[in-house]
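Protein chains in written order, with our numbering: chain B, 1 to 371; chain S, 1 to 371.
Keep in mind that a hint or two might mislead.
Copies of one chain are not kept apart here, so a pair can be met inside one copy or by any two copies together.
[What the hints assert, rightly or not] In silico SDA-like cross-links for lysine to any residue, where the CA-CA straight-line distance does not exceed 25 Å:
1) Lys-165 x Gly-125
2) Lys-58 x Phe-82
3) Lys-78 x Asp-90
4) Lys-78 x Pro-357
The set of hints was computed from the structure by calculation and includes no laboratory data.
Because the structure is a prediction, the values reported are computed rather than measured.
There are 2 protein chains.
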Amino acid sequence: MNEDVKVEVGLGERAYDILIGPGLVGRAGAEIGRRLPGVRAAIVTDENVGKQHLEVLKQGLEAGGIASSSIVLPAGEKTKNFAALQEVVDAVLAARLERGDVVIAFGGGVIGDLSGFAAGIVRRGMNFVQIPTSLLAQVDSSVGGKTGINSARGKNLVGVFHQPKLVLADTAVLDTLPVREFRAGYAEVAKYGLIDRPEFFAWLEKNWREVFSGGPARIEAIAQSCRAKADVVARDEFETGDRALLNLGHTFGHALEAAVAYDGARLVHGEGVAIGMALAHRFSARLNLASPDDAARVEAHLKAVGLPWRMADIPGDLPDAEALLSFIAQDKKVSRGALTFILTRGIGQSFIARDVPTSEVLAFLKENHPG
Amino acid sequence: MNEDVKVEVGLGERAYDILIGPGLVGRAGAEIGRRLPGVRAAIVTDENVGKQHLEVLKQGLEAGGIASSSIVLPAGEKTKNFAALQEVVDAVLAARLERGDVVIAFGGGVIGDLSGFAAGIVRRGMNFVQIPTSLLAQVDSSVGGKTGINSARGKNLVGVFHQPKLVLADTAVLDTLPVREFRAGYAEVAKYGLIDRPEFFAWLEKNWREVFSGGPARIEAIAQSCRAKADVVARDEFETGDRALLNLGHTFGHALEAAVAYDGARLVHGEGVAIGMALAHRFSARLNLASPDDAARVEAHLKAVGLPWRMADIPGDLPDAEALLSFIAQDKKVSRGALTFILTRGIGQSFIARDVPTSEVLAFLKENHPG
Chain B
1 MNEDVKVEVG LGERAYDILI GPGLVGRAGA EIGRRLPGVR AAIVTDENVG KQHLEVLKQG
61 LEAGGIASSS IVLPAGEKTK NFAALQEVVD AVLAARLERG DVVIAFGGGV IGDLSGFAAG
121 IVRRGMNFVQ IPTSLLAQVD SSVGGKTGIN SARGKNLVGV FHQPKLVLAD TAVLDTLPVR
181 EFRAGYAEVA KYGLIDRPEF FAWLEKNWRE VFSGGPARIE AIAQSCRAKA DVVARDEFET
241 GDRALLNLGH TFGHALEAAV AYDGARLVHG EGVAIGMALA HRFSARLNLA SPDDAARVEA
301 HLKAVGLPWR MADIPGDLPD AEALLSFIAQ DKKVSRGALT FILTRGIGQS FIARDVPTSE
361 VLAFLKENHP G
Chain S
1 MNEDVKVEVG LGERAYDILI GPGLVGRAGA EIGRRLPGVR AAIVTDENVG KQHLEVLKQG
61 LEAGGIASSS IVLPAGEKTK NFAALQEVVD AVLAARLERG DVVIAFGGGV IGDLSGFAAG
121 IVRRGMNFVQ IPTSLLAQVD SSVGGKTGIN SARGKNLVGV FHQPKLVLAD TAVLDTLPVR
181 EFRAGYAEVA KYGLIDRPEF FAWLEKNWRE VFSGGPARIE AIAQSCRAKA DVVARDEFET
241 GDRALLNLGH TFGHALEAAV AYDGARLVHG EGVAIGMALA HRFSARLNLA SPDDAARVEA
301 HLKAVGLPWR MADIPGDLPD AEALLSFIAQ DKKVSRGALT FILTRGIGQS FIARDVPTSE
361 VLAFLKENHP G
């Protein structure tokens, strides 16, 4: 027996397991075959992950008696578009997979979101398994069933809710990631502490080095993160309420990503979230909702792990504050014209603030703009 | 007070009403506004319907205080593709509609399926209202939440389940349809009798002329059809069982549509279903499941109303029996390689037959092939 940690996502008929542990890619066939006997698989991956790990996965599937075909896409956020969606859909249909067969997302968040969307619309919904290969995807995008692509008008504006049947988070695969990418994923780990688990945030302040270096602390941090997200998702599968808390740092973060035109050389998603979280805490302090000491504590931790925490940390010029505000207004978390933010009363005390005045946001952006 | 007939589709949280009666297009704003106060709307329509009825709808919405924009697409089955889907999605986003706003499908089945799909994926699911303008759409595609587009590999292979909030079936609008189109829609009306309502089929044999000419018999036939479909859908929203009965005539029908490359000049959907239903009854007789007299009765009724009922009624050459079989095999109603058909034990006694031998289907197609 292996010693994977199991997190159950309690969604009734759509409940599923997240397995977390080293070597799961090579054992994928056994784990999938146990839950979905007799299926065939279409693997969707990107060039980077494919080069390093596709053969191991294919052999792991074959060892479990699962025949597979694969689709290899260019790496990067730009792949989350309509053309790539159509390419994946066509490839799955060309492989003559049926509704009961499985699409496997094998990569980071881009691959997970894109192929989950494809799995959700081919034959109006096929089986779907996530094998996330980045820390970000393991703790965030692979849990919760949100799938989608970007539009010229914003990130993730088009997609469906489609829950996986299983998530396999191979913690050893993370050792092959560039450190910058691992670090960006860590921003989402810290996020769960900041939302409503202050003791987890304090644990991270002490143990983050061990999370980076690997071993039990890494597995523990991933499991805690998945549990935190699974709890929120089980309460609010379709994001009509509480689930919006998961967007802590994302309103500012998405706007910054859009402002650099999703140029990963300048800013990747997790880095945007890191800056966004720091700004959300600083903005909350400016609105007299939280102590400036808490904002400083968040900033200090992000800085300690080597994450960007302010707009000035983004290389190159940014659009001005007015332009940033209009990126925020086009973000999907706008309800009937009022700006909705996740703000906080302190570490682990975040809440959904509706009707945040545009003028306050603009003034805050101006104060914090590096230009 | 108007005297619309109301059919309730019982889907729990996703329950909705179908209103059936004359003049509903002009009263759309009041009916939508009552259920979805404060929304804005994006109308999706085609050139034919737009030319005749768009102004009436826009004024009807305005009278109910609903501001709207509109997207007008080319008419016809070819519009059910990825490019048109993207066009609708982009237009809805460009209009800056939010999740709580509404996409209105205003047209036949093509417009309904396409814009329902778009509504299902913009912001992971927006409000959706159907105002079907063809008989086919009123009794079939507007009820049940199936949405989608065609793929080069087959019809409706890509889509989502997305229930409308309301369906408005304006029976007066049907007077502006070409007779051929009305007649094609009538095939789906007859289908509900053939599935499990033998007394409704007998009623249609007597009253079909009044259904064609308009008035109370038309409203009654549409309401009966919607009730029949709503019953099946409420039992099996996601088509894991019983709902497949609605595919009576569709396995042969889709194959014939594919065989003429969806050329509406040769065969429109309802006509394919008519031939498909006649073939399903004749095939059931050949397999000694039903009496040949029942097949003859179905054929006679279809012939009486002026519908095609055999492959020889399709103008032009058809691919040979082997090619037709391969179109059937690629149809989505294939489960793990076995052919699934809706067969019958007589009028109103249809059932789902799995594992129908390919050899029997091929022999039957050869016997009935006009070439």
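task: Tell me, in ascending order, the numbers of any earlier hints that this structure violates.
output: 2, 4
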